[in-house]
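Note that the sequence shown covers residues 22 to 543 in my numbering.
Since the hints were derived computationally from the structure, they do not count as laboratory data. In this text the structure is predicted, and so the values were computed from the model without any measurement. There's no promise every hint is true.
Said to hold, decoys possible - Label-pair distances were calculated between CB atoms; the ranges are:
#1 Pro212 x Ala291: 14 to 22 Å
#2 Arg224 x Leu64: 41 to 49 Å
#3 Ala160 x His181: 33 to 41 Å
#4 Leu108 x Pro212: 25 to 33 Å
All C-beta atoms in this analysis are idealised placements derived from N, C-alpha and C, irrespective of residue type, glycine included.
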Amino acid sequence: MKKITQMLLIACIAFFVFFYSSFISSQEINAQAVTSSHHNKGLPLRAGWEPWYPYKYLKIPSLQSSLTGLDVELLKLIAADANDSLLFQERPLADALNALKQGEIDIGMGATYSDERAQYVYYSKPYRYEENALFVLRAKDNQYPFSTVDALMDYIQKHHFRLGLKKGSLLADAKLNRFVKDTHNAKYIVPFANEAEGVKWLRDGEIDGFIVDRIAGSAIIWQAHADAEIMEHKLKMKTPIHFIFSKKTVSLETVQAFNEAIENNRNNTAYRNNFSWYIYPVIMMQATGKDWFKSLDILGAIFFSISGVLIAVSLNKSFLAALLFAILPCLTGGILRDAIFNNRPVEALESPQYLLLICSVVLVGYCMMTGFKKLMQLKRFKRKSKKITHVISDAHKIVKQLLVVCDALGLATLSVSGVMTSLMAKAEPLWLWGPFFAFLTASFGTIIRDIISKNERLEDVVGELNSEVGIIWSLFLSLALIFYATDIQPDLIRNLIVITITGVFVTRLLIHYLKVPNVYFR
């Protein structure tokens, strides 16, 4: 009887343990099902973001609904294809990663792979690639002989190089990530909150350099007008970039749906356009913001102004007419272009320096020409009139050749400016609107000038090939930008800009000196 009682007791305990453990397991499974089926409840995926131009930013700082940027627009495009809606929450990077770990948000953007993060997030297929760059003070760049990651790490330790890094970020090189995490190297690493802080600390001498995404770093340096002080020291670190999903709230089915959407959209026009619209303007504004480009632009304005003076003098017009003939080719096309795109502020009106330069050149030129005319009317100069006539004739020829050269420079620089504005305004297709607005920016003002000055030979209409040169080369630039849209290489884009400017300039001069005729309807 005692044995029977013991057996019954053991059986009851075993049954209780089995029942309880089954109950607990089912509760855990149900809990897991509840958390991982967040996307099946019709609820939007909660996406964390922080300001990171040009990938994530508010177009209108006070308006959350104006959130845009390359990563944001790509996520919207992919999520729509995967039949998911989104709810964006602004969170600093470190906080967003913790929120993904805890299941407080569902998806993040712009992530580099790491084994540590892979424990609590799923990674999508790569949707773009990122290149890291080291930014240093331009004055000290020649002190840094390294050009590889290994050489950089060696230099940091030997010379106590203070390296700035964004908090919570992962770099494009696994060896460098391990170096940064090594506690023995903590004394060399200076964390900062964002790229703007990194730029400030570098300028203030608190760090010796910082590593960030090449495009984002270049953008913040350009916005801070620090190009003259800070430069990129190339290390060639490139890595794939992913969306990341919280394992606590997102199922593998959702991740798979996103992966399929990425593959479906990779060669899609809308997908490629986002790269063109958000990355190219940063690179092109950097390139066209350089001193060499500004010098060409200023030189073109000076000679357009001289041209206006010469036209006014030859037609016996007033100073106001000379000013008008100078301003029209310099400003008309750009103002009309900005008006069409509703760009604010209008580039030509952003600073008075450009207009003041034109006015100054016209004033000096007009005074010189009118003074010379009065001088020629004096009796003592009339005796030498034949000799002076030859000198004047030679001077006119020289000025005419200079005007051709500088008109070609103006055409070259403004053609690139037209393509760049088309990108910033998201005009699509670029191969059509790029050349059109290049023509509008570079040639429209000269046509209006010739019409107003009653020039019977409108050079852009019946003269040598002129506007056509800018249109052809801007078409070349537009097609090249489209071709490299998803594999953007800043150095290549800058080279394409230089090639386009050189191509327009050289082609225009060859046409003039070889007297290549225009194409007419017969």
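Results of checking the hints against the structure:
1. Pro212 x Ala291: 14 to 22 Å: Violated - the Cβ-Cβ distance for Pro212 and Ala291, about 37 Å, lies outside 14 to 22 Å.
2. Arg224 x Leu64: 41 to 49 Å: 45 Å, holds
3. Ala160 x His181: 33 to 41 Å: 19 Å, violated
4. Leu108 x Pro212: 25 to 33 Å: 29 Å, holds
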